[in-house]
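Undergrad: Line by line, the protein sequences are chains S and H.
Using UniProt numbering, count along the first sequence one by one with no gaps and you end on 558.
Using UniProt numbering, count along the second sequence one by one with no gaps and you end on 558.
Hints in this document: simulated from the structure, not taken from any laboratory.
In this text, all values refer to a predicted model and were calculated from it rather than measured experimentally.
Here a beta-carbon is modelled for each residue, glycine too, at the ideal position from N, C-alpha and C.
Possibly wrong hints are sitting among the right ones.
[Stated by the list, open to error] Between beta-carbon pairs, the in silico distance windows are:
| id | chain 1 | residue 1 | chain 2 | residue 2 | range |
| --- | --- | --- | --- | --- | --- |
| 1 | S | ALA374 | H | PRO102 | 34 to 42 Å |
| 2 | S | SER174 | H | ARG325 | 25 to 33 Å |
| 3 | H | ARG473 | S | SER99 | 12 to 20 Å |
| 4 | H | GLN173 | S | TRP296 | 34 to 42 Å |
| 5 | H | ASP19 | S | PRO186 | 45 to 53 Å |
| 6 | H | ALA96 | S | SER417 | 53 to 61 Å |
| 7 | H | ARG325 | S | PRO186 | 19 to 27 Å |
| 8 | H | THR275 | S | GLU270 | 36 to 44 Å |
[Said to hold, decoys possible] Chain S is nowhere near these chain H residues, computed Cβ spacing over 12 Å in every case:
| id | residue |
| --- | --- |
| 9 | ALA60 |
| 10 | ASP67 |
| 11 | GLU298 |
| 12 | ARG363 |
| 13 | PHE423 |
2 protein chains.
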Amino acid sequence: MTAELSTVLLVDRHRGTLDQALEAVRTRAFWSPHPEHPKAYPDPEAGRAAFEARLNARFALDQPGTDDWAGEEHSPYGIELGIQYPHPDPDVLLPAMRSAVPAWRDAGPEARALVCLEIIARINARTQEFAHAVMHTTGQAFTMAFQAGGPHAQDRGLEAVAYAYAEQVRTPQSAEWTKPQGKRDPIGLRKTFTAVPRGIGLVIGCNTFPTWNGYPGLFASLATGNAVLVKPHPRAVLPLALTVETAREVLAEAGYPRDLVCLAVDRPGEGLAKTLALRPEIRIIDYTGSTSFGDWLESHARQAQVYTEKAGVNTVVIDSTDDYRGMLANLAFSLSLYSGQMCTTPQNLLIPRDGISTDQGPRGYDEVVADLAAAVDKLLGDDARANALLGALVNADVKSRLDAAPGLGGVALASRSVAHPDFPHATVRTPALISLDGAKPDAESAYLSECFGPVSFAVAVDSTADALELLRRSIRDKGAMTVAGYTTSAQVEQDLEEVCFEECAQLSLNLTGGVYVNQTAAFSDFHGSGGNPAANAALCDGAFVANRFRVVEVRRPA
Amino acid sequence: MTAELSTVLLVDRHRGTLDQALEAVRTRAFWSPHPEHPKAYPDPEAGRAAFEARLNARFALDQPGTDDWAGEEHSPYGIELGIQYPHPDPDVLLPAMRSAVPAWRDAGPEARALVCLEIIARINARTQEFAHAVMHTTGQAFTMAFQAGGPHAQDRGLEAVAYAYAEQVRTPQSAEWTKPQGKRDPIGLRKTFTAVPRGIGLVIGCNTFPTWNGYPGLFASLATGNAVLVKPHPRAVLPLALTVETAREVLAEAGYPRDLVCLAVDRPGEGLAKTLALRPEIRIIDYTGSTSFGDWLESHARQAQVYTEKAGVNTVVIDSTDDYRGMLANLAFSLSLYSGQMCTTPQNLLIPRDGISTDQGPRGYDEVVADLAAAVDKLLGDDARANALLGALVNADVKSRLDAAPGLGGVALASRSVAHPDFPHATVRTPALISLDGAKPDAESAYLSECFGPVSFAVAVDSTADALELLRRSIRDKGAMTVAGYTTSAQVEQDLEEVCFEECAQLSLNLTGGVYVNQTAAFSDFHGSGGNPAANAALCDGAFVANRFRVVEVRRPA
Chain S
1 MTAELSTVLL VDRHRGTLDQ ALEAVRTRAF WSPHPEHPKA YPDPEAGRAA FEARLNARFA
61 LDQPGTDDWA GEEHSPYGIE LGIQYPHPDP DVLLPAMRSA VPAWRDAGPE ARALVCLEII
121 ARINARTQEF AHAVMHTTGQ AFTMAFQAGG PHAQDRGLEA VAYAYAEQVR TPQSAEWTKP
181 QGKRDPIGLR KTFTAVPRGI GLVIGCNTFP TWNGYPGLFA SLATGNAVLV KPHPRAVLPL
241 ALTVETAREV LAEAGYPRDL VCLAVDRPGE GLAKTLALRP EIRIIDYTGS TSFGDWLESH
301 ARQAQVYTEK AGVNTVVIDS TDDYRGMLAN LAFSLSLYSG QMCTTPQNLL IPRDGISTDQ
361 GPRGYDEVVA DLAAAVDKLL GDDARANALL GALVNADVKS RLDAAPGLGG VALASRSVAH
421 PDFPHATVRT PALISLDGAK PDAESAYLSE CFGPVSFAVA VDSTADALEL LRRSIRDKGA
481 MTVAGYTTSA QVEQDLEEVC FEECAQLSLN LTGGVYVNQT AAFSDFHGSG GNPAANAALC
541 DGAFVANRFR VVEVRRPA
Chain H
1 MTAELSTVLL VDRHRGTLDQ ALEAVRTRAF WSPHPEHPKA YPDPEAGRAA FEARLNARFA
61 LDQPGTDDWA GEEHSPYGIE LGIQYPHPDP DVLLPAMRSA VPAWRDAGPE ARALVCLEII
121 ARINARTQEF AHAVMHTTGQ AFTMAFQAGG PHAQDRGLEA VAYAYAEQVR TPQSAEWTKP
181 QGKRDPIGLR KTFTAVPRGI GLVIGCNTFP TWNGYPGLFA SLATGNAVLV KPHPRAVLPL
241 ALTVETAREV LAEAGYPRDL VCLAVDRPGE GLAKTLALRP EIRIIDYTGS TSFGDWLESH
301 ARQAQVYTEK AGVNTVVIDS TDDYRGMLAN LAFSLSLYSG QMCTTPQNLL IPRDGISTDQ
361 GPRGYDEVVA DLAAAVDKLL GDDARANALL GALVNADVKS RLDAAPGLGG VALASRSVAH
421 PDFPHATVRT PALISLDGAK PDAESAYLSE CFGPVSFAVA VDSTADALEL LRRSIRDKGA
481 MTVAGYTTSA QVEQDLEEVC FEECAQLSLN LTGGVYVNQT AAFSDFHGSG GNPAANAALC
541 DGAFVANRFR VVEVRRPA
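Using the sequences plus the hints, can you model the full thing?
TA: In structure tokens form, the structure reads like this:
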């Protein structure tokens, strides 16, 4: 092989990083090879120019089976992207991808991991460009698009590669097996063990975090020897098209078929994801999005391993605090970040109707709600800071839900529009906080449904015990990506833990500083638990990678 | 805790064995802590007496929710067992089991593994008794019942414990996470990671290998913190009842609720497995048996992780050999062992119609078939040896299929009855070998269906290439637990490997000595691949254990 990227070169470049990633997931201490500060990335203007050069043009990828061009991206900031992407003929594309698999399988786990790390490194080098692509497809503010769509997403991809590599090398490539036979000669076998991929992995992207939610499945499938077909959300194609472009470039340079990674963009209303999901060549599916389509995939795509992240109802139990201002500030930030359009944003804040004890004395239910509303107002009082935190509403559905929110209960904090200095057509809104009485049966239909977007519910409950019971029921029936709790009581802490252990949800306690319940760090925090209805997988663990490949043993007499 | 079995004692007794098992699955060299020779186990008469004391009596387990007694076991050797087992009221039993889980979860991975090893050690000490129980429920000959139902099953259970333990301790129990903030103080979190079980695992046992096929799922679920409900095949209850009895005894002595392991035996025609499989408390199912019920479980028990071993069509490709006599003897043994009633027994022997080259010169198709028939005849010519190898037909369905076999093609070797000296009512039959022309379309319905029992098909194919194509189609459409090949050609070897890599099947090449395609050794060989229709899981690997528990993270400010 006379590849530009030889294995020797890739080992030299990336083996150290792979080893550090393997160590980080074992210790779960802080680690990242991808700096998150924009200043660490040179030449922001070149990044912007690269983004702008993509607009109103065809995004050519030279894939087999391109029968047409499709694309309908409109930036939540009001720009028409006008990019046309290849539309696939699955009858041509999928067999071409499948035929690329054996060479990739034969490369073995280490070479695959190193090629994946090179892809991630090249994506990292394009972070300035990705930031604009993520911003103008998701509505995230620039800094968040930069960090969550760039280094943090790259971290999650690298984490998946590390898990995939570790899983594949648990079994040795070969073994000599010698069984004693008493006085007779021992019998011996020579065995080889080969990690074989399932086939083609399909990644179905989401609108809000195309790279962050897309990279774990993409790199887990690719690193385990599968080909990967990326089917982005129709409104968030560009970040994944750039990803596919980079992956194809690296694969070719390393001497592997570039068709191991392809893009599939659908026409409006075509429902391409459904068609692809049922193809026999598709043996793995990674999906982030609505519960209804996630459930459909789990029920119908029986030929595939299906990993889903769906909707949930995230709860905060507020029992007591020794840092009332810190708690309010922390929650205000969590509710505001990206206008609550994160699967991890708290939705229900359960507060005893008789109030809570704080370091500033007792606070009644109404006081807590009013103080939280004031904290949000204060955080977002300056329009520049509000724009930097909120970003834009990603689509009209979110805006509809926000507009309907005042009808659901008492408006503790009304949403307001924020003008964006650069993008007059952006829809920027502060979060609404609606107060509900948990004891009223008709309130339940509001707070026990996911209301994705900048709407949260303060729910008056009879007691902390009542809150814990509602928390348990919310997780069990609706799922939860995150749970938060504030308490100064060791017993309540333990009770919160017990509910989260039994119902399988990730718990953050007493966050009052610069860590927020809706943020997780790769290599240390699990995203989701995989054990409640919000998601059937966690990012990232052994279960996320172990069934993407199988081990084929060949044994011969020694 | 004033348990008789303290953790200190259990560490002393079993930690070394656990470490050896962990090392064995990493190296996959030969290892077993359970000697397979009956002579290694003292006092066979006490074992027989213990078995006989169980007959015609109630098997009391002191489980909650026993509303009745059930049992209908008839030994394939003609004995009525007459044992009555507890019949459960799931509405009482399942909540009682569920409430036992938190204490077991809190024990942690190491304590759970050590308790499991104590259970396996006590089962090992009862091997003589288990041998009779397995023999008289499965029809296996005594030595096979002893070995496969005893030490080999115990090995597979221990292997599952090792994998479960390793998977749970990949993530540390706690971590300090400190993120630098440039010139500001770093932010810090204290994180704990707890392996939490899914709930209750249901083990649905099979008729032929109740312990060997039952132990991996049972111990994988138990070691990951779940309670386990064992629902044996109605004709093979006793070996699993003895297992449950032993597990409950050890759990109680170690200070854990004995209801973590319970038995559920159904009344004739009740379909208890279906009822239990859909209960919300059941979150894991391990099943070995028919494809139709396995498919039903996969489709319907959506609340559970479902691990199935179903039917397959096992193929031998015979291209050429440099040890013709060794090949014939090896295949004759594989076809005869337990009357072909193993999920791993070869069914289709694909032989080029123009014959094969051997160390004894070329052999035509008819010669190979005749020589193989003669090898079986020779192996089973002596009735004592025939009985020791064949065992008894496990049930009437197997006998019906055998009786119908001559109608499927040319009878190359007719089955004959063998009288059993001790059990005149046992149905002992030698295997039938039916010759089919693979080119005839009507032959396909015979050889492309699983014909479980002592029936194999010699299939005349046009060429080795034709055999490889049929092999590929058989695995893809029908699944395979095993594939074997005989060839002296490096190219054919490689082609066989390629088919098995692409279709995901375990391959044995050129076995001519004392290792048989239908036998696998725990800690070294994978049983099934988990990647073709015969089974969705392999025994045992990371994927078999990783999704039986989830990790719940709790994070607090440092």
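Undergrad: It remains to establish, for every hint, whether it holds in the given structure.
TA: To see whether the hints hold, each was checked on the structure:
1. S:ALA374 x H:PRO102: 34 to 42 Å: 41 Å, holds
2. S:SER174 x H:ARG325: 25 to 33 Å: For SER174 (chain S) and ARG325 (chain H) the Cβ distance comes to about 29 Å; the hint holds.
3. H:ARG473 x S:SER99: 12 to 20 Å: Holds - the Cβ-Cβ distance for ARG473 (chain H) and SER99 (chain S), about 18 Å, lies within 12 to 20 Å.
4. H:GLN173 x S:TRP296: 34 to 42 Å: The hinted range 34 to 42 Å holds for GLN173 (chain H) and TRP296 (chain S), with Cβ atoms some 38 Å apart.
5. H:ASP19 x S:PRO186: 45 to 53 Å: 24 Å, violated
6. H:ALA96 x S:SER417: 53 to 61 Å: 57 Å, holds
7. H:ARG325 x S:PRO186: 19 to 27 Å: 21 Å, holds
8. H:THR275 x S:GLU270: 36 to 44 Å: 42 Å, holds
9. ALA60: 31 Å, holds
10. ASP67: Holds, because the least Cβ-Cβ distance between ASP67 (chain H) and chain S comes to about 28 Å, which exceeds 12 Å.
11. GLU298: 7 Å, violated
12. ARG363: 21 Å, holds
13. PHE423: Holds: least Cβ distance 30 Å, greater than 12 Å.
Hint check: violations occur at hints 5 and 11; the rest are consistent with the structure.
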